[in-house]
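Undergrad: If you're matching them up, the sequences are chains A and B in order.
Heads up: the first sequence begins at 1 in the UniProt record's numbering, then just goes up one per residue.
Heads up: the second sequence begins at 1 in the UniProt record's numbering, then just goes up one per residue.
Simulated from the structure, these hints should not be mistaken for laboratory data.
Cβ atoms here follow ideal geometry from the backbone N, Cα and C, with glycine treated the same way.
Keep in mind that a hint or two might mislead.
[Said to hold, decoys possible] What the simulated footprint calls covered on chain B by chain A, stretch by stretch (three residues with Cβ under 8 Å from a Cβ of chain A suffice, anywhere in the stretch; the number is not a length):
#1 52-58
#2 69-79
#3 311-317
#4 341-348
#5 385-397
[Unchecked claim] Which stretches of chain A does chain B cover? Using the computed rule of at least three CB atoms under 8 Å from a CB of chain B, they are:
#6 45-58
#7 78-92
[As the list claims (entries may be wrong)] Computed Cβ-Cβ distance ranges for the label pairs, DEER-style:
#8 Gln206(B) to Lys88(A): 48 to 56 Å
#9 Arg125(B) to Asp76(A): 39 to 47 Å
#10 Ser57(A) to His75(B): 49 to 57 Å
#11 Ala304(B) to Glu100(A): 30 to 38 Å
#12 Thr101(A) to Ile359(B): 45 to 53 Å
#13 Arg125(B) to Gly21(A): 32 to 40 Å
#14 Thr66(B) to Thr101(A): 30 to 38 Å
#15 Glu331(B) to Asp76(A): 25 to 33 Å
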Amino acid sequence: MPSVTYISASGSETAVAGFAGDSVMETAVRNGVPGIVAECGGSLSCATCHVFVCADSDFAAMLELEDDMLDGTAIDREANSRLSCQLKLGDADIRVTTPETQV
Amino acid sequence: MTGTAASARPTGLGTLIIGNCQAGVQLASSLRELGDTDPIVLVGEEPHAPYQRPPLSKAFLKGEVTADSLTFRSHDFYRQHDIELVTRERIVSVSRTAAGGVAVAESRRRFAFARLALTTGAVPRQIPFDGSELEGVSYLRTATDAAQLAQGLAGARNLVVVGGGFIGLEVAAGARAGGTTVTVLEAAPRLVGRAVSEQTSEFYLQAHRRRGIRVVLNAQVVRFLGEHDRVTGVELGDGTVVPADVVLIGVGVIPRTELAEQLGLTLDNGIVVDGSARCSDGLTVAAGDCANLPNPSITPGGVARLRLESVQNAVEQAKIAAATLLGVAAEYSTVPWFWSDQADLKLQIAGLSGGHDEIVLRGDPDSEKFSVLYYRAGQLIAADCINKPLDFIAVRGALHHGQNVPADLAGDVSLPLKKLVSAVAALAGK
């Protein structure tokens, strides 16, 4: 099982065991990891599951809709911004940083 | 999961949350996030741990997601946060004083509490036509309902949807995309009349007709016809019969207020709460679909109170209710928003359009990418955005920050709304 580490804006880390095929968002929400809200449950409607991914992570390229929604995150997007509902876990461990706020 | 291990500890000291739903699970989680260490019991009648309802009328029916994947929190989460999740227990009576009280389930199991939260939700409004009991006539609210509907739709040739609201249109659009013959019967002169403007209603009428859905407005359903206890058609007021293997009735919901009534709480289209989610007894809190709250719009005008049926509202109110239970000041302040995915049509609504006095159309509805912006006294108050996520994001942000987009510029699609918002904000010094 891949391990997912969520690093809060203040630097505290929460590591949880994920399942390949689940999204980074689902894994956070199921385990009650603070910092990811995900009101729309992964339907690309709310932009409240924003994360910053680490440089070496290997996720599928983003769809246009994700790209559009990232323009509306509460904390401005950066080059490594993604919506975590679109990031599917593989076998590799991953680390993401959550923004200060999502709404 | 019925958490019998936890029942050995003293009860009556903590919080009882009635309703295993989005608001309920959020309330429990928020109590822990706020540092509450007292016992928390989350009780509900459904057999499942709390799960997401919105996908039930969309991805779930198409088989793209399973019931398990809709679960909000893992069992580990409840254990780790010491939240006792009790399923399959329907609370039938409750009484309390300022010090606390007790709720009793149909099974006679008793739940004592010091603090009480009602997240009792709503049930589909039933229509008492002849033939409503026929097999194949369904409502959609729970995962169990959705599983039954999915099963019925699997072999169905003809789906009839009674009610042209969000749930009905989402199911209709999904089934049509899958090749089913679909008829939508709406009693009113337009679709989704409760939630959107005439422009948006007209767009959905045309868009669904383009996709091959037969939509009948001003439809008067007389009864459901059947053979061998199974539905075969829907008879209309003009005598015509629409063939049906499956009928979905989606004509709104009724808030569940039975327990609130036993507590003597003020009711008015739901449980009346203040901006801190507090009920009329000043002790109990209520959140989600069951609660009638003061209008959270930042601009004056519109209705004084309303009941919101949305994820955003359930989450926001639950957070506030948790804070209120712990004596922490909190007031509802986020912008209400809604979404509805109907086949390839993504509707996102920001704000509440009630009381608008001006509408600006942004984009061409025939392109299936446009927004309807609502104004009151020159101030932007809401928008319906169809396949226009950038407009939605810009409007939600503007409303959140109390900003405006001038109505005379908003219709120009060559100007991104986000830029218009920032330009106006800069001028106003906000």
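Undergrad: It remains to establish, for every hint, whether it holds in the given structure.
TA: Here is what the structure says about each hint:
With a threshold of 8 Å between beta carbons, the proposed coverage of the region 52-58 of chain B by chain A holds, since 4 of its residues qualify and at least three are required. Beta-carbon proximity to chain A at under 8 Å applies to 8 residues in the region 69-79 of chain B; the threshold of 3 is reached and the given coverage holds. Note: the region 311-317 of chain B has 3 residues with beta-carbon separation from chain A under 8 Å; the three-residue rule is met and the coverage holds. Coverage of the region 341-348 of chain B by chain A holds in this model, with 3 residues showing a Cβ closer than 8 Å to a Cβ of that chain against a need of three.
Requiring three or more residues with a Cβ within less than 8 Å of a Cβ of chain A, the coverage given for the region 385-397 of chain B holds, as 7 such residues are present. Check on the region 45-58 of chain A: 3 of its residues sit with their Cβ under 8 Å from a Cβ of chain B, so the three-residue criterion for coverage holds. For the region 78-92 of chain A, the assignment as covered by chain B is violated, since 0 residues bring a beta-carbon within under 8 Å of that chain's beta-carbons and 3 are needed. For glutamine 206(B) and lysine 88(A), the hinted distance range of 48 to 56 Å is not satisfied, since their beta carbons lie about 36 Å from each other.
At roughly 43 Å, the beta carbons of arginine 125(B) and aspartate 76(A) sit within the given window of 39 to 47 Å. In this structure, serine 57(A) and histidine 75(B) break the distance hint of 49 to 57 Å, their C-beta atoms being roughly 28 Å apart. For alanine 304(B) and glutamate 100(A), the Cβ-Cβ distance of about 35 Å falls inside the hinted range of 30 to 38 Å, so the restraint holds. At about 32 Å, the beta-carbon gap between threonine 101(A) and isoleucine 359(B) misses the expected band of 45 to 53 Å.
About 38 Å separates the C-beta atoms of arginine 125(B) and glycine 21(A), a value consistent with the hinted range of 32 to 40 Å. Here the CB-CB span from threonine 66(B) to threonine 101(A) is close to 32 Å, well matched to the stated 30 to 38 Å. Between glutamate 331(B) and aspartate 76(A) the CB atoms are about 27 Å apart, so this pair conforms to the stated range of 25 to 33 Å.
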